[in-house]
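**Q** Sequence:
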Amino acid sequence: MTFPQNTPSIDQLINLPAGEIAQLPVELLAALQREIDAAAKQMKAVTARFSTALEVRYATRAAEARRACGKDNGTVRLVDGDFTVVADLPKRVEWDQAKLAAMVERIRAAGEDPAEYVEISFKVPERAYSAWPEAIRQGFEPARTVKTGTLKIDLLPQEDRA
Numbered sequence: 001m002t003f004p005q006n007t008p009s010i011d012q013l014i015n016l017p018a019g020e021i022a023q024l025p026v027e028l029l030a031a032l033q034r035e036i037d038a039a040a041k042q043m044k045a046v047t048a049r050f051s052t053a054l055e056v057r058y059a060t061r062a063a064e065a066r067r068a069c070g071k072d073n074g075t076v077r078l079v080d081g082d083f084t085v086v087a088d089l090p091k092r093v094e095w096d097q098a099k100l101a102a103m104v105e106r107i108r109a110a111g112e113d114p115a116e117y118v119e120i121s122f123k124v125p126e127r128a129y130s131a132w133p134e135a136i137r138q139g140f141e142p143a144r145t146v147k148t149g150t151l152k153i154d155l156l157p158q159e160d161r162a
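Read left to right, the sequence shown gives residues 1 to 162 (this note's numbering).
What the hints contain is simulated information worked out from the structure, not anything from laboratory work. What you were told as hints is all true, and nothing was included just to trick you.
With a cut-off of at most 27 Å between alpha-carbon atoms, the simulated DSS-like pairs for lysine-lysine come out as follows: (1) 123 to 99; (2) 91 to 123; (3) 44 to 91; (4) 152 to 44; (5) 41 to 152; (6) 147 to 123; (7) 91 to 71.
Using the sequences and the hints, build the whole thing.
**A** So, in structure tokens, the structure goes:
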């Protein structure tokens, strides 16, 4: 389907009121959605390529600067011409949950409060909760809050419907 000459481009959509966009014909909305999805994929690929190029250019210098400061991670600043390059290598710590649980039990057994040393949280997988007998679920119900995520709408031509 061809669209009128005054059809907004995805670059123009940012300046249009949402109500005006909502009034466009569904075929045009579907075409714009496909165009936006393609542009988002392209931008993601370009962003990844650009980030890799910056790593190629600065990663070695940043690692040397970190070593000179005696640190394995964190932020260092480099000078490149008239620019300051801020290279941040964040620290990502992961804890073995089974080993932490054993430590919590040892702390408890020693008569101390594990909450002074670790943050303890409880989670219930929703799939497991749904499979529980009703009597068990009722006991947990006061501790459960259900929230919704963001609504996502896809426009599919009739032949693509599942």
